[in-house]
Amino acid sequence: MTVAQIIFLITAAVILGSAAMVVTTRNLVHAALWLIVTLFGAAVLFAMLNAGFIAVVQVVVYIGAIAILFIFAVMLTRREMNDTGPGLNKGWWLSAVTSALTFGGLVWLLQGWDGLSKVAPALGSEFDAIGALANALVSPEAYVLPFEVASVLLLAALVGAVYIAFQRKGEE
Amino acid sequence: MDFWTDPVEAAGEWLSGIFVGWGMNADAAHVLAAFVGILVLISVVMVLDIFLVWTERKIVARFQDRIGPNRLGPFGLVQPFADIIKLIIKENIYPVGVDKIVYNLAPIIMMTSVLLLWAVLPLTEFLGLDLNVGVLYLIGVGALGTLSIIMAGWSSNNKYALLGAFRQVAVMISYEIPMVVALLIPTILSGSMGINSIVAAQESSWYIVLAPLAFLLFLISATAELGRAPFDLTEAESELIAGHHIEYSGMKFGLFYASELLHTFTFGGFIAAFFFGGWQGPWVSEIPALGLLYFLAKATVGYWLFGWIKYTMPRIRIDKMMDLNWKFLVPFSFVLLMYVALMNALLAGFRATEGAMWIYTWGMFLSNILLGWITLEILRRRAHGERVKVEGAVVEAGHH
Numbered sequence: 001m002t003v004a005q006i007i008f009l010i011t012a013a014v015i016l017g018s019a020a021m022v023v024t025t026r027n028l029v030h031a032a033l034w035l036i037v038t039l040f041g042a043a044v045l046f047a048m049l050n051a052g053f054i055a056v057v058q059v060v061v062y063i064g065a066i067a068i069l070f071i072f073a074v075m076l077t078r079r080e081m082n083d084t085g086p087g088l089n090k091g092w093w094l095s096a097v098t099s100a101l102t103f104g105g106l107v108w109l110l111q112g113w114d115g116l117s118k119v120a121p122a123l124g125s126e127f128d129a130i131g132a133l134a135n136a137l138v139s140p141e142a143y144v145l146p147f148e149v150a151s152v153l154l155l156a157a158l159v160g161a162v163y164i165a166f167q168r169k170g171e172e
Numbered sequence: 173m174d175f176w177t178d179p180v181e182a183a184g185e186w187l188s189g190i191f192v193g194w195g196m197n198a199d200a201a202h203v204l205a206a207f208v209g210i211l212v213l214i215s216v217v218m219v220l221d222i223f224l225v226w227t228e229r230k231i232v233a234r235f236q237d238r239i240g241p242n243r244l245g246p247f248g249l250v251q252p253f254a255d256i257i258k259l260i261i262k263e264n265i266y267p268v269g270v271d272k273i274v275y276n277l278a279p280i281i282m283m284t285s286v287l288l289l290w291a292v293l294p295l296t297e298f299l300g301l302d303l304n305v306g307v308l309y310l311i312g313v314g315a316l317g318t319l320s321i322i323m324a325g326w327s328s329n330n331k332y333a334l335l336g337a338f339r340q341v342a343v344m345i346s347y348e349i350p351m352v353v354a355l356l357i358p359t360i361l362s363g364s365m366g367i368n369s370i371v372a373a374q375e376s377s378w379y380i381v382l383a384p385l386a387f388l389l390f391l392i393s394a395t396a397e398l399g400r401a402p403f404d405l406t407e408a409e410s411e412l413i414a415g416h417h418i419e420y421s422g423m424k425f426g427l428f429y430a431s432e433l434l435h436t437f438t439f440g441g442f443i444a445a446f447f448f449g450g451w452q453g454p455w456v457s458e459i460p461a462l463g464l465l466y467f468l469a470k471a472t473v474g475y476w477l478f479g480w481i482k483y484t485m486p487r488i489r490i491d492k493m494m495d496l497n498w499k500f501l502v503p504f505s506f507v508l509l510m511y512v513a514l515m516n517a518l519l520a521g522f523r524a525t526e527g528a529m530w531i532y533t534w535g536m537f538l539s540n541i542l543l544g545w546i547t548l549e550i551l552r553r554r555a556h557g558e559r560v561k562v563e564g565a566v567v568e569a570g571h572h
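Just so you know, the protein sequences line up as chains Y and C, in that order.
Numbering-wise (the numbering used here), the first sequence opens with residue 1 and increments by one.
Numbering-wise (the numbering used here), the second sequence opens with residue 173 and increments by one.
Next up, chain C with everything else stripped away, as it sits in the complex (with noise of 0.2 Å):
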């Protein structure tokens, strides 16, 4: 096995040869050589995590014309150790009334239902798994942080962590569904579930050329799913404070936090690997290795999308969030995912055909233009007409 072409399964037998070595079974060796490689992963991943506290901070500084951390080390990079510590050392609360077990067993799994995204992260051409549901895999993760989030208001022996928790969970299962609908269009694309093979589909054109309109379901029903702003309904700081973690205190209460930009950052990935290109860069081909820094590059810009639209955005009232679900995106997503098929079939011929490939790539992002055109006109005159109504209304009332 040569080092720069797949540098992971050469450490991962060249581990297992050492096990070996010290007269263990082969079977045993392969096993405890994986078990080595998830603990890596997971301990990069939660070092990384450190540090997205820090660029979290230093982005929401930029968007509110601050500095943001800048006095522990240079740029203020120290700052997140310090913030760790003191998590660490703060005295661990129990409030009364509350469920032990559930209560402590809440961060873990929303902490765990993050890190098992990551199995299926495509970093590179070699590392991340091509499960053959990953797609469906997604959702079922998230169907885990879910779960925490309604142990924790639970648990919690608090109404206002139960109320936070009730209509984030609310929100999630909600936009699950045009979550699931605009994942299908890279799957009807690629011909796969599997996210690597997602990915290796996208070496000429990338998704978001291909579907624009899927790029942006998507882009919304991940910020829901991340309970972010504008969608972040868990806070509201003089009603309902800030949701299902207003119990937790010291660490646990930093892992809620911690996996809340973890997961952000995931999505991030997830919108890299399915829209741009994930691995895809030039001279990939010559250097896997390359892969994982466009990716990660790509991921990053994608965190920082989120984080965009988190600092500019209002919050959106819970009746128009759920409007906005059950009356626009689930319908329009149907829609968008029969076009597309139906699109993407018509135009295969040009596909196949050497030299045409452009009609394709030129005809599948016209045809979206197209729809969302269609779709925009549509809400327009629908807009148009309820504000004659209302304004109607009024103007009589203004007579009586």
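Just chain Y, with the same shape it has in the complex (with noise of 0.2 Å):
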């Protein structure tokens, strides 16, 4: 066993051990710290794949960004620090059925995939990461739709939120 696979292993053991922990704790702003631990597992295996870039930014979005905003949601609509309620609610046996489904769709597409034996290849010291994901992410033979669609639909939700926080004369 090399000593990429035993990372692999405890961070994937890491990340399936937190997200469980996610849906099992009652403690909400407990759930959304495990989630931040999920996420970081995340941004170890994009690190390890060479995607230093992605596994950064990864930490940046969902860990400085979205968690954050999570724990903010949490602690501004909950009055009490531990939630007593029951941990599942009527519709459990759908979402049971759909991730057992799920499951059961990528086992067996992946079955026939010859990629989980393939080693990575090893790349040169002068690869340039970043500069060929902006050469992609701006090139029309590559990204540049889905790129700018991306902007516009942010560029939109921006617009919404300052056009729904915005204060008219005379309101009030």
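Only true hints are included.
If you want the footprint, here are the derived chain Y segments under chain C, 3+ residues with CB under 8 Å: (1) 29 to 41; (2) 60 to 66.
Selected chain C positions facing chain Y (Cβ under 8 Å, derived; list incomplete): (3) Asn304; (4) Leu308; (5) Trp326; (6) Val341.
No lab work stands behind these hints: they were computed from the structure.
Virtual Cβ for every residue (Gly too), placed ideally from N, Cα, C.
Relying on the hints, combine the two individually framed chains into one complex.
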């Protein structure tokens, strides 16, 4: 077993364990903190795949912004520190079926895939991952259209947020 | 490997050679040597932190026309050790209703988030990882600091701690935006996100000359990120007490305090690296180890700069502070980014030609001054208009 495989197994165990804690813990702030551990594990996986940029962006966006906003929302909407209600609601069987189907489908899909036994090719030290990513994002042959669509979506969300929060004169 | 050009590499090879001599696998020996290196760096940084407490107290004393610590040892240098002994032997208090695990994790994550920054801090040409996403790494690690503040505020089971944490986190995630954009400007000028490459690119002219406005932007947003005056919103002695760490005692409080000072020094180092040429200086190409001295000197000046700002500025109200960020710094930073990128592209020809370098340098400097002047002029007009409106209303109210 190589060092990379050992690190991968530890990271995968941490991701799965913390993901299970997210849905089983009763305390919502604890759930958000476990979610941060899960997201951090995903960042470690990206870093192991030589995708340093995506790993760091994962930490900046998901932990630095989204998880913090989760915690804010939980703290602002819940009055008590501990939630004592039941952990399941009426639709639990529906989500159980859906997740079982998704898991089964993934297993079925990956059965015939030969990528599982492949070893990643070593990248030379001269390989410029960020430069390649930047070129791919703005080149018409690659991802310029999805990139622009995502930008427009974010801009629309921004305008919407301003519109909702905006106070017209004479209101209030 | 020559000891004088790269002592760290030489020491690492010597150490892993010893481990291999003990019958260890070569890869494992390399990893173990790296761990020893990390341990040494962290120890040195923590010892430095002890003296930062002393420096901070001396700086604030100078600004307030006092002497500062002066009883224990020469110039009071032994004072921080006495403080540490006091902090360690203090009783470990858990207030009622704290969330013990989160409560204990918060100061650890706080300190870790500062120590992680030292991985990319370019101490010299050979010391300091040249991560190809170094600039973003700086922001990502800052996210951990934000997280630790909200963890401390929530787990303390104290409404003052929670309110202080809310205010601080709101400021930190807002000022992250101008900070990222300010850091993109050295990236554009040097063509790299690795911090050591950015320092290496400043051989002919420091970025404080090429992009003075980016420096000001970074200085303001870094002050907010550090939570130091005039942006220390968590502190309001009569209403909020001292913010997220009010329920901590002993060494746990000590960790918060020490990490704040070390964070400030680290950002002094980043200011030196991004805008003051880092380890660049005379004779540094002959003796690379000299770079460490230059870097530490510049970082200390940066640290003093933060102290100077902290002890001479009054605190800003939170809504004014948010206005400053969202209505001025964020739009301004985007304009500045496009402007600097455009000027850099227009003047790139002069940079490439031999002997015309000064046109590039002066062109960048003067164009920055021009943009700063235009911005100030627009702000002055706006402020004048507002004042006329307010004064007109006052005059009208006086008539009734």
